[in-house]
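Participant: Okay, here's what each chain looks like letter by letter:
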Amino acid sequence: MTTLNYRLHAAAALTAALTLLAGCGTTKLPDQAALTPVENRSPVASTQAPAVANPATAAGTPQSRVASVDLARGAGAAAAGGTALMALPGQRIVYFDFDSFVIKSDYKTLIDAYAQALTANRGKKLVIEGHADERGGREYNLALGQKRSGAVLNTLKLLGANDTQMEAVSFGEERPAASGGNEEAWAKNRRAELKDR
Amino acid sequence: MGLDYHGHKPPSGALRGAAYNAGHAKTLRAPALEALTSRARRAFIATGMAAAAGPALAQFRLEISGVGATQVPVAVAPFRDEAAASVAVSRVVRADLERSGLLRTVDAEATLDERSVVDLPPLRARGIDALLAGSVTRLADGRYDVRYKLWDAVRGEEVLGQSKVVLEGDLRLAAHRVADEVQHKLTGERGVNATRVAYVVREGRRYTLHVTDADGEGGAVALASPESIISPAWSPDGRQLAYVSFETQKAVVWVQDITTGARRLVANFRGSNSAPAWSPDGQRLVVTLSQDGLAQLYTLPAAGGTPTRLTRSSGIDTEAAFTPDGKTVYFVSDRGGGPQVYRVPASGGNADRVTFKGDYNISPAVSPDGRQLAYITRISGGFRLMLQDLADGTVLPLSDTQDDESPSFAPNGRLLVYATRIQGTDVLMTTTLDGKIKTRLLSTSRGADMREPAWGPYGR
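One line per chain: the protein sequences are A and B, in this order. Position 173 (the first sequence) corresponds to 165 in our numbering; numbering is contiguous. Add 24 to the 1-based position in the second sequence for our numbering, that's all there is to it.
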């Protein structure tokens, strides 16, 4: 702990005799002008309607303000109507070995069945969701998951399904099926899930 | 959501730095004797309420481990009338100055403001190098005039005086700017106290993208979602955040205006869209797209549009990071087997490899002077923050933790922020580039997961 005593000219301290800002400029922060709405110029026009908590007001918005956007629950893929591609919905996950994108022979029957279902009905659509276990970086794992779903998509294509019937996406490590930080959990997370669209 | 500052036990050893309440006196020695060795040392600095009456203000503690060799001692007086404002400006300034590791503050036990006449030689005789005093005045239109003066006791004269007129919501920002200006004047180093950090928190199935001041205070939620959010990236002017959201059941890149909340889609192509990186002129984004089969880098206009392919490999290319001159893009590629850091001209061309130690190197970040590369290496199963000199290739480990992620440079190039795990809790840490001075910026309560920090630019 340090305390200081130094002499002040007490009376002078209370006067405003001195020039305050000798030699230094006055800095003024600009008021926020009213902000025009941002136009969506993306090639895929998709406008969500966010629930903005505090809309900006003209000429009074602090620079520090952070607007809060709360996405409505359930903003996701709509459930596909009609019958599922597979009679047994449980049979829709392909598991992978560590660091591998090879579809093991265990899943040959499953893949063949999907290929047949897609070939038989060109109106049917499928999304393949790839996943990785939690070890490693998120972006790299996102790409690894994509490699897995991509491998399934390519196999289905070779077996006759059309490209336009399928999309391969990835959740990387963001949606683990099992937690636990051990090989048992990791093995359950290295997967590609086939879902009707 | 609330973020806890985990309480720390009061220090048992010698207290370096801030003294806020009258307590036992300590003879102030000259700075030469006070000079601290560069041995890493834990110093707990508690900031509490001033003894003088004032509104109840949040108490927080900084934990700074490791101390720099010399620190400039500055006496700071409470700003006149700051107790009547919603922010104790001088306390924010003092904490900012301490956090720099370059300065230490002491109580100026006197009522002063920027108009005071000050006798400097006695200050100098007591080893104090500078004095800061000021005022916070509410104007008729509801705004506040924050004024201050800085006296250099060594030179025996006032060296800085400013007035900042701000909306009440920007009082903390004004305090941070004061700290930046004082730090710059006294040390020659530009401060980053007025900058912000973005990061993501997951609690259960709820994900929130936060924006907080560089001191960890003033955190606000920019986006709340039932699905994951990753890879936030600041536009160079600090007004927008690009990020990846899984709200549509796949990885898509959005850009959001921070002040208004307006969002727009930037990359929603077939497959995964991720890892947005802004060019330094703000005109382009490099993103990772899998639309052609495998994850590769593409360049897009920042407003959205048709992507142009930037890298070509048979492996995964991702995690682009521009150099400050905008001419080169560093990225991660596993074209050689495991992921390593490469670089490619921003206009396209051949890529060459940059990291050679270890078999797994990811998450590159380039320093603002373009000379150093921070990244994460996997070593013995753990993930550690490393710093590489781009000229001679020497590599320095910056941490001794096992779960480091997402390094991001402060715009003054003096600090890095990264995410890690300490004793089971996810935290955001800052570190100096020699690894010696670390601060815990933020941590979450148990059950919440904090990650993906991105340090915002100057310019606010």
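Derived from the structure by calculation, the hints contain no laboratory data. What you are looking at is a predicted structure, and each value in this text was computed from that prediction instead of being measured. Mixed in with the good hints there might be a few duds.
[To be verified] Take a look, some chain B residues computed to stay more than 10 Å from chain A by CB distance: (1) Ala275; (2) Thr283; (3) Arg287; (4) Asp358; (5) Ile446.
[Stated by the list, open to error] Straight-line alpha carbon distances no greater than 20 Å define the calculated SDA-like cross-link-like pairs of lysine to any residue that follow: (6) A/Lys117 with B/Asn292; (7) A/Lys116 with B/Arg294; (8) B/Lys381 with A/Lys117; (9) A/Lys187 with B/Gly180.
Don't be surprised by glycine CBs; every beta carbon is placed ideally from N, CA and C.
Participant: Does each hint fit the structure? Answer for all of them.
Facilitator: Hints and how they fare:
1. For alanine 275 of chain B, the condition that its CB be more than 10 Å from all CB atoms of chain A is violated, with the nearest at approximately 6 Å.
2. Once the 10 Å rule is applied to beta carbons, threonine 283 of chain B is inconsistent with being away from chain A; the minimum gap is 6 Å.
3. Against chain A, the non-interface label of arginine 287 of chain B is violated: not every CB pair exceeds 10 Å, the least being about 6 Å.
4. Some Cβ of chain A comes within 10 Å of the Cβ of aspartate 358 of chain B; the nearest lies about 8 Å off, and the non-interface call is violated.
5. Residue-level check passed: isoleucine 446 of chain B sits 17 Å from the nearest beta carbon of chain A, beyond 10 Å.
6. As the CA atoms of lysine 117 of chain A and asparagine 292 of chain B are separated by approximately 19 Å, the hinted pair is consistent with the 20 Å bound.
7. Restraint check for lysine 116 of chain A and arginine 294 of chain B: satisfied, since their Cα atoms lie roughly 18 Å apart, inside the 20 Å limit.
8. Of the supplied pair hints, the one linking lysine 381 of chain B and lysine 117 of chain A is violated, its CA atoms being roughly 45 Å apart against a limit of 20 Å.
9. Only pairs whose Cα atoms come within 20 Å are accepted, and lysine 187 of chain A paired with glycine 180 of chain B is rejected, the gap being roughly 75 Å.
Going through the hint list in order, the structure does not satisfy hints 1, 2, 3, 4, 8 and 9.
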